[in-house]
Amino acid sequence: MADWSKLPYDIIHKVTTCLTVIEDFLSFSAVCCSWRSVYLAKQWHPGPQVPVLMFCDDENSSIRSFLSLYRCKVTNSELPEAHGRRCWDSSSGWLVTIGSDLEIRLLNPFTHVSFDLPPKSTLQIRFGDFLGWCDIIERAFVFRNPCTSNADEDLVVMIIYGAMKQLAFCRPGYKSWRCIKEADHSHAHAHAEFIDVTCVKDQIFAVSLMGSLVLVDIDTLVVTSISRHNPPRDVALSLLTGGWGRLSLVKSSGDLWMVYQNQQGNRRVESTAFLVYRFDLDEKQWIRLSNLGSHTIFVSDHSCIAVCAGRYMNCESNCIYFVASKKEKGWPKRVANANVGVYSLRSEVSRHLCTGPNIQKYFSFPLWVMPTLH
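The sequence shown lines up with residues 1 to 374 when you count with full-length UniProt numbering.
Keep in mind that the hints are not guaranteed to be accurate.
Said to hold, decoys possible - Capping the alpha-carbon separation at 30 Å, the derived lysine-lysine pairs in DSS-like fashion look like this:
1. Lys201 / Lys175
2. Lys284 / Lys165
3. Lys120 / Lys14
4. Lys120 / Lys165
5. Lys251 / Lys165
6. Lys201 / Lys73
7. Lys201 / Lys251
8. Lys6 / Lys120
9. Lys181 / Lys165
10. Lys175 / Lys284
11. Lys165 / Lys175
12. Lys201 / Lys181
13. Lys73 / Lys181
14. Lys73 / Lys165
15. Lys251 / Lys284
16. Lys201 / Lys165
17. Lys120 / Lys73
18. Lys73 / Lys14
What the hints assert, rightly or not - Label pairs and their in silico Cβ distance ranges:
19. Asp24 / Gln124: 40 to 46 Å
20. Ala236 / Asp282: 36 to 42 Å
21. Arg144 / Asn291: 24 to 30 Å
22. His374 / Arg288: 24 to 30 Å
23. Glu316 / Val222: 46 to 52 Å
24. Gly84 / Arg233: 41 to 47 Å
25. Asp219 / Arg36: 38 to 44 Å
26. Leu215 / Gln124: 34 to 40 Å
27. Gly254 / Gly99: 25 to 31 Å
Keep in mind the hints are simulated off the structure, nothing from the lab.
Computed from a predicted structure; not experimentally measured.
Just so you know, even glycine gets a beta-carbon here, dropped at the ideal spot from N, CA and C.
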């Protein structure tokens, strides 16, 4: 058997120039100690990445499985930092986690770097006594370098929390969550239940349950309505008539997009359809897109990620990869089956990609995670 540790440094370094995706970087670092020392010393500048699907088969295990479209395979990895904790994914690659100890943390599942976030006790939770620890946070988001008065700080963590779906944010190192103030009662978004947040061109946008779009200012801790046409008419009709759907915001090449997912109530892959809109910042209105061009969207219960697809990434452009979640009765021990599907905007048809495991805990439901080393 070859002794890889004895290869000359220049050859090892030559190998690193052939790596393009973070999965390969991490595999490179695991070959042996000498290769890992090269990995740690090198300033990596990965190219475009494609999300991987993270899931867990056993609620009592620290093993997490990762479905890679790039490699067309599932690999298992120890992730003790996520054991027994509910996780939320983000387009930045960081996970926000919470456990029964009520400690909230920020975790990079690829490098295992973790930061403590402010405690749950600093959140202004209405009707909090009725919530279990799994339900305190509804959704979580991690952004890089939004425009604030403190430009040197890198990561911003924002959450939708509590029964009233309020907004709060913090940065690593903060001692308490900064809760976003409600608007005046005369505004349409006063007491709005928020369902998604994204950051585009250094601005943070949020959308309410009924599709109203607002701008979130984390310096003044207030929200401002920015659209006079909320939401698009066909989406509004579906929401008003009780159709099963989900609205997601996503950044795509500097534009703000909204993705509407409709599963016709039964949440099967074949019955899932999508509508995609681009927000015109000048006209303050949504414009429906019939084609995503070279882009691909990844949608889960908790996040929406858009990438510019490359052939080497083994994902199709002008398509939406999604997790069709079918949750049964029996909270909190409900069983959830996760099937991954692909929706083509060209054919307007969904097809089955793969079948996920039967999940015994809601907090371990599959997540799209964007690989990152930083």
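Verification of the supplied hints:
| no. | hint | verdict |
| --- | --- | --- |
| 1 | Lys201 / Lys175 | 27 Å, holds |
| 2 | Lys284 / Lys165 | 25 Å, holds |
| 3 | Lys120 / Lys14 | 48 Å, violated |
| 4 | Lys120 / Lys165 | 15 Å, holds |
| 5 | Lys251 / Lys165 | 22 Å, holds |
| 6 | Lys201 / Lys73 | 35 Å, violated |
| 7 | Lys201 / Lys251 | 9 Å, holds |
| 8 | Lys6 / Lys120 | 50 Å, violated |
| 9 | Lys181 / Lys165 | 13 Å, holds |
| 10 | Lys175 / Lys284 | 37 Å, violated |
| 11 | Lys165 / Lys175 | 22 Å, holds |
| 12 | Lys201 / Lys181 | 23 Å, holds |
| 13 | Lys73 / Lys181 | 45 Å, violated |
| 14 | Lys73 / Lys165 | 37 Å, violated |
| 15 | Lys251 / Lys284 | 16 Å, holds |
| 16 | Lys201 / Lys165 | 25 Å, holds |
| 17 | Lys120 / Lys73 | 37 Å, violated |
| 18 | Lys73 / Lys14 | 26 Å, holds |
| 19 | Asp24 / Gln124: 40 to 46 Å | 44 Å, holds |
| 20 | Ala236 / Asp282: 36 to 42 Å | 22 Å, violated |
| 21 | Arg144 / Asn291: 24 to 30 Å | 28 Å, holds |
| 22 | His374 / Arg288: 24 to 30 Å | 36 Å, violated |
| 23 | Glu316 / Val222: 46 to 52 Å | 41 Å, violated |
| 24 | Gly84 / Arg233: 41 to 47 Å | 44 Å, holds |
| 25 | Asp219 / Arg36: 38 to 44 Å | 42 Å, holds |
| 26 | Leu215 / Gln124: 34 to 40 Å | 21 Å, violated |
| 27 | Gly254 / Gly99: 25 to 31 Å | 37 Å, violated |
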